[in-house]
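Construct the entire structure; sequences and hints are all you get.
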Amino acid sequence: MRFKLPKGILYNAVRSAYWFAVGFVLSSALLASAVLFYFQFTYKNRVIPGVFVDNVYIGEKTKTEIEKIFSEKNEVIGKNTFIFATDGLEATVSAKTLNIGYDINLIQEQSINLAKTKNLLSDTYIILSSYINGEFLSPSYTFNRASLEKELDSIQESIYQEPVDAQFKVSNNRVVAFRESSNGKTINFEELEGKLRQSIPDLIKNKKSNIARVDIPIRITEPNVTTKEANDLGIVEIIGEGKSTFFGSIPNRAHNIFLAASRISGILVAPNEEFSFNKALGDISKFTGYKEAYIIQNGKTVLGDGGGVCQVSTTLFRAILNSGLPITERHAHAYRVGYYEQDSPPGFDATVFSPSVDLKFKNDTGTHI
Numbered sequence: 000m001r002f003k004l005p006k007g008i009l010y011n012a013v014r015s016a017y018w019f020a021v022g023f024v025l026s027s028a029l030l031a032s033a034v035l036f037y038f039q040f041t042y043k044n045r046v047i048p049g050v051f052v053d054n055v056y057i058g059e060k061t062k063t064e065i066e067k068i069f070s071e072k073n074e075v076i077g078k079n080t081f082i083f084a085t086d087g088l089e090a091t092v093s094a095k096t097l098n099i100g101y102d103i104n105l106i107q108e109q110s111i112n113l114a115k116t117k118n119l120l121s122d123t124y125i126i127l128s129s130y131i132n133g134e135f136l137s138p139s140y141t142f143n144r145a146s147l148e149k150e151l152d153s154i155q156e157s158i159y160q161e162p163v164d165a166q167f168k169v170s171n172n173r174v175v176a177f178r179e180s181s182n183g184k185t186i187n188f189e190e191l192e193g194k195l196r197q198s199i200p201d202l203i204k205n206k207k208s209n210i211a212r213v214d215i216p217i218r219i220t221e222p223n224v225t226t227k228e229a230n231d232l233g234i235v236e237i238i239g240e241g242k243s244t245f246f247g248s249i250p251n252r253a254h255n256i257f258l259a260a261s262r263i264s265g266i267l268v269a270p271n272e273e274f275s276f277n278k279a280l281g282d283i284s285k286f287t288g289y290k291e292a293y294i295i296q297n298g299k300t301v302l303g304d305g306g307g308v309c310q311v312s313t314t315l316f317r318a319i320l321n322s323g324l325p326i327t328e329r330h331a332h333a334y335r336v337g338y339y340e341q342d343s344p345p346g347f348d349a350t351v352f353s354p355s356v357d358l359k360f361k362n363d364t365g366t367h368i
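Everything in the sequence shown is counted per numbering that gives the first Met the number 0, starting at 0 for the first residue and increasing by one.
Just so you know, these hints were derived from the structure itself, not from any lab. On a predicted model such as this, the values are computed, not experimentally measured, just so you know. Among the hints, erroneous ones may be present.
[Claimed, not checked] Capping the alpha-carbon separation at 30 Å, the derived lysine-lysine pairs in BS3-like fashion look like this:
# : residue 1 : residue 2
1 : 72        : 194
2 : 299       : 242
3 : 149       : 204
4 : 72        : 95
5 : 206       : 78
6 : 95        : 184
7 : 115       : 62
8 : 115       : 43
Written as structure tokens, this is what we have:
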């Protein structure tokens, strides 16, 4: 047989357990309320016990006492130095100039208001946990953004660039208007602000050095129209560049250089096409606008129409070399010419004399150039 409790006894037992539980909960709530009331009243304008900020004890402190503690620490921080650097440019700034230090107002607000949210369970838990184990708040730091921008103004001026839209216009197989697109550049102060905040605690903890180095991040802004988008010929970038100088040239020679350069500029070279300098330039004579200047003919320096055109062919030759395009024909001058060695070692010149002496290269890029 199974033993059964009388219904009255079972009912009384359950009832007793219920009221015990209710009493326990109410007692706990009253105790928690009493503890909370005591701490919130006692520490109404002070931090509850057991609170630390950056391992500095501020429990039971008032706002004024907190301000004194961290103001003294900020005086020490102000003696540190920050070096901001990018692309070989540097700016050395003291922490005091940037007003770098602990954010005292935020520390006061967070610590004084701790466990004062009017949430019974949450506030009581924080009070007891802080009292028994300690409550460790993360430090907050501040600095003057306007002062930072002012101190980096010279660097900003050196690197700042507006984005430039590409320009590309073709007429009669010649580019008559061209401008390569370029990205804009500026200091990314938002990212720099984050880097600066991250470097402050490391500098505070570093007892061996009072100098912190911060790399300046750069924001790149793309143009609205890139070179690739401005044309359908596959031209996206400069593939080679050539330079030469001609200081001391007589006026007629300078005239011929500018004339030849203007007539060769903008010519499109199709994929797999062989470019001929002589063919592109056409007749070189007084009938096509050239003037008399010194040329090399039959191994001698004499006056002739178009003297100086070789300055243009030499410059183009250097651009071809730098681009890596295959050169199919090129001739050096009969002897060294001073103009071509003003900014280059000997041997980087190219003479032309129509129709037999030419400068040629092949476009093997797969796109127009």
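Here is what the structure says about each hint:
1. 72 / 194: Roughly 21 Å between the alpha carbons, so the hint for residue 72 and residue 194 holds.
2. 299 / 242: holds (26 Å)
3. 149 / 204: OK: residue 149 and residue 204 at ~27 Å, within 30 Å.
4. 72 / 95: holds (12 Å)
5. 206 / 78: With a Cα-Cα distance of about 13 Å, the restraint between residue 206 and residue 78 holds, given a limit of 30 Å.
6. 95 / 184: The given pair, whose Cα atoms are some 29 Å apart, holds under the 30 Å limit.
7. 115 / 62: holds (15 Å)
8. 115 / 43: holds (9 Å)
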